[in-house]
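S.K.: Fit chain S to the given chain A structure using the hints.
2 protein chains.
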Amino acid sequence: MSPTMVEHNGLDIMCLNKYCHSSSSSSSSEQDKKIFSKLRLSLSGEYPRKNAEFLSGQYGTNLLLIGVALMLAIAHHGPSVKEEHFLSFVTCLIILQLFWMMWYILVRDRQKNTRTDKDVHATTCWIRGGLTLLALLSIIMDAFRIGYFVGYQSCVSAVLGVYPVIHATHTIAQVHFLWFHIKDVIKSFETFERFGVIHAVFTNLLLWCNGVMSEAEHFLNNHKRRLSALGYGNHTIVHSEPHCNCTTSTCSMFSSSLYFLYPFNIEYHIFVSAMLFVMWKNIGRTIDISSNRKRLATKTKSLTIGPILGLLALASTIGILVVYITHVEESLKTRQSTISMFYIYSIVMLVLMCSAGASGLLIFRADHVPLDTTKNPSRQLDTELLFGSSIGSWLMSWCSIVAVLGTNSSPPYRWTNLVYSLFIVLEKYIQNLFIIESLYRKQEDGERDDPELPAAPEIFSVTSSMAPPYNGIINRAYETPDRACVTIENEQEEIGQGYRCPRKPSEVPLPVGNKEEEPPNIKRQILKNIAVFLLMCNISLWILPAFGCRPQYDNGLEQETFGFSIWTTVLNFAIPLNLFYRMHSVASLFEVFRRV
Amino acid sequence: MSPTMVEHNGLDIMCLNKYCHSSSSSSSSEQDKKIFSKLRLSLSGEYPRKNAEFLSGQYGTNLLLIGVALMLAIAHHGPSVKEEHFLSFVTCLIILQLFWMMWYILVRDRQKNTRTDKDVHATTCWIRGGLTLLALLSIIMDAFRIGYFVGYQSCVSAVLGVYPVIHATHTIAQVHFLWFHIKDVIKSFETFERFGVIHAVFTNLLLWCNGVMSEAEHFLNNHKRRLSALGYGNHTIVHSEPHCNCTTSTCSMFSSSLYFLYPFNIEYHIFVSAMLFVMWKNIGRTIDISSNRKRLATKTKSLTIGPILGLLALASTIGILVVYITHVEESLKTRQSTISMFYIYSIVMLVLMCSAGASGLLIFRADHVPLDTTKNPSRQLDTELLFGSSIGSWLMSWCSIVAVLGTNSSPPYRWTNLVYSLFIVLEKYIQNLFIIESLYRKQEDGERDDPELPAAPEIFSVTSSMAPPYNGIINRAYETPDRACVTIENEQEEIGQGYRCPRKPSEVPLPVGNKEEEPPNIKRQILKNIAVFLLMCNISLWILPAFGCRPQYDNGLEQETFGFSIWTTVLNFAIPLNLFYRMHSVASLFEVFRRV
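Residue numbers (numbering that gives the first Met the number 0), protein chains in the order written: chain A, 0 to 595; chain S, 0 to 595.
Do not rely on the hints blindly, as some may be mistaken.
To be verified - What follows is a set of in silico ranges between Cβ atoms, one per label pair, in the way DEER data are often shown:
#1 SER256/S - LEU380/A: 43 to 51 Å
#2 ALA357/A - ILE94/S: 28 to 36 Å
#3 ARG224/A - GLY387/S: 32 to 40 Å
#4 LEU313/S - ARG224/A: 52 to 60 Å
#5 GLN110/A - SER315/S: 53 to 61 Å
#6 GLN442/A - VAL164/S: 50 to 58 Å
As the list claims (entries may be wrong) - Rough simulated footprint, nothing fancy, chain A against chain S, three-plus residues with beta-carbon under 8 Å:
#7 57-69
#8 555-561
If you are wondering where the hints come from, they were derived from the structure by calculation, not from laboratory data. All residues carry an ideal CB built from backbone N, CA and C; glycine is no exception.
Same shape as in the complex, but just chain A (with noise of 0.2 Å):
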């Protein structure tokens, strides 16, 4: 595999075997043309990269709709479809993910001499960090299938014992793979690495499609059974426990630990799986060097009310978590109050949280610094992943309201009800707004140079240095030193001030001044305890619907506009997703509390 195709700014240049085609040069003759066209016709790599990009996409798609199309005829509890079909699936799809990074891992080990372009936004430290943890736990849920699986043993199939063992060798392999891969940007055997990822990045979609639906289905079943229970109607309660007894003594056990481990499996993979992508988008990209800039260290000085109100966020919301789980199952009237009790906790925490995101907002506003325009894929996602979870969240608020202005009952909670719900939209409306202008500000000057980062060798860390506005032009002058020099020559008469052409980037002179037009100090420490606060208010938001605190499906009033099937499928969609965007701001919002 030789021949490489170097794709530059929509300018390809064919290098084969030190014969360099330009597209511009008119001068080779029509039979060398032929030769070229068949030649490259045999080679993959010449494949142009929005196709590939198109067919490596288009097949993870089908592979997750194939699993999606299982899922839902598991969903039905047919005679048909089982889950143990479902699990043999997505165990082969696993072994071949398995078998990609093997072989992706083997050929950078011999690449060892050549460079590797990384993207040092793709990810950072403590994110993988938190899913190594989130991956430990997930191996701990391994375990306990295990458990379970040996004991049953003798009356289920074989793949539920075998898709765990699997799982868990994949768990480790991917954490190992994102320790040391994760922000490779992929240059050879471009077209197959784009199908390696994208699999990568399905499968792992699959999986936690497949977490939130054994989740949903759980809470349904327990759900249906308080309604039994309270004589609302009749529900049918599918049970998914084997036909024989179990041999040993902990099978109960594990099987309803499970259900405290689900959250963080499910919270792993929409991660990893997300940060495959980016991985994917940035196969054959070349990376602006000037972006490329290592990210700022933490400091903690002077954080005080932030962490403070934070913790009591969290403690108190814990407090909450116990009172609901144990009071929503009592009597009528304890059931109210108990709801009654949560949602006027949450519009406390939301009225604080909006004052929080809306004070950031002032702040930037009254201290106007330009946008970051540059191309930035992580970022990107980021931002898009954020308003399309939003979504999921805004339908349910919004389908509530609807049921508190249209029912005919009133408990106790109906307005408190709508106030929270008008509160969830407003909430995430003015986060969202928070982060993303946090995210795309440009950062400022005194603290490029962070004396506690140690220059890594992938980082050209002098055009990291410069003011912003001029690395757009060192940027071309590292490439064509002269050229860049005229440039830079013209601009700086334009506006009428000195100039020196630079023989090194180095040399370039900083632009004085901007060092006095930083914000006062006291407007970044509040900007970073307003981060830390948010962040923990999102962690506390997230603890109360991942075990188990759901109102909408205890409070009656939804169900009594929309009907038990409807309003469901509403939930079935809408909490996963809630669940991620509170998992994702929590890590969008520690990054803006690193940048700020």
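M.R.: Relative to chain A, chain S alone:
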């Protein structure tokens, strides 16, 4: 509003009453800064573009979600939320949009002297012509609705009479807007206009959702009636007929004709919202003049096989449609053979389409043309919509495959259904690749200076006759001629060619020799025939489900595996997406036909 903010490639320059302040100069004093920042705060024009985008995007999404929540409540047919509530909400949105359009047109009329940028890629004459036709059919639908209202006047809400009147007005005003303003690149009152445009986008999207829901309900009721007639279960059919007698004799005629007009109304709204979305994306954009060239005119010579085969497909489709609709409600045996007939016919169509698409792709592979990577929101949206709307039909196909493989019953069409579903997946896969590659290929030089086209005032026609590799450079030359001159000099020296510095852009020599490299005409003829054939096949495959040929409801296989509620939910999601996919690919294929 004299101060405006020009955002130009990430470099913000603020001009206020002839005092121009560039962010790269550091000579202005601290005091000036403070005055500026306060002024800025009070001016909406200053609001960062990225934020305005998200602010308005979130507003629009929430509008849609309110509507969806209301629609879900109506779908439950509960006592609290009625159709008139939803229609009042939609009427308010429409009136708001009418006000905004009036305001926009008035402002444009006042600014008649200032030049407005236009994005020529935004739409084409034939798309607008098609939309005008669809709009006419929508107005006829409104007339039917008014007739229906007059008949039942005594017992239905007045909203049912007001809504069609307002909707017809809206349709007329919107078509006017489409013809004269959809290509505008808005540069004043940016934040306000963003809200206006996104409001229009989501109003149309909501009207689309409403149409889709009404149609789905109609089909579901038909389906239930059929099932009951055949003795499969006892489904309750909810009638939305008013509780009084019709005073005119035409009520039933009006209500039954409505369902034949729905498909057109649905396509109208989704297309308008896509076009308005492109307009929203273009707000504040700096149009790259070189990429803003007029599209090619349609050439029809040497078209024979494609149109003939396409017309054959279209004619046989209409035959199949008539046979299907008349025979599917008869005895089990007739029903089964009707469904088999449909599958066999579709498989033949799909095989032909697959081979056409695949040969198109092979021709592209044999004839290497670099891809065009310039920014073009319209094209990007096209590809995303194509990909996104395929998902519906893919999901449906994979569900069918799972059902066929898992089922125990064996109707005669069991395996034809499997083959049909596999071909549906494959055909969309290939067709998407073909369309996307066609849209992204650089246009050839021979066609660039087409004598049939009058030079529109907004087009800098000289740059549009440049060869592709020079576009970027000449563009820079247009801004600051001297600098670009040097740039060209360096590049030309590098590739060892002669060089001459242009006084005017029109004097730049066209690189010679490109004409010889043009692909043989036969290839282009084949591609054109393929595009026409695929176009007509897509029209056929749109007609079938749009007018009632939906074997997914009738064959019973999937319903057995997935259960009634899951399967109808899948269909209610997938069929509208599939219809949109077919219409959208017709539009894209016409574009392909003009380009190849």
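S.K.: Evaluate each hint against the coordinates.
M.R.: Against the structure, the hints:
Our hint of 43 to 51 Å for SER256/S and LEU380/A holds, since their Cβ atoms are close to 47 Å apart. Taking the beta carbon of each, ALA357/A and ILE94/S are about 31 Å apart, inside 28 to 36 Å as hinted. Our hint of 32 to 40 Å for ARG224/A and GLY387/S holds, since their Cβ atoms are close to 39 Å apart. Hint check: LEU313/S to ARG224/A, Cβ distance near 56 Å, so the stated range 52 to 60 Å holds.
Between GLN110/A and SER315/S the beta carbons are some 56 Å apart, a value that agrees with the proposed interval 53 to 61 Å. As the Cβ distance of GLN442/A to VAL164/S is approximately 55 Å, the hint placing it in 50 to 58 Å holds. Counting residues of the segment 57-69 of chain S whose CB falls under 8 Å from any CB of chain A gives 8; the rule of at least 3 is met. With a threshold of 8 Å between beta carbons, the proposed coverage of the segment 555-561 of chain S by chain A holds, since 3 of its residues qualify and at least three are required.
Violation of the numbered hints given earlier is absent; every hint is satisfied by the structure.
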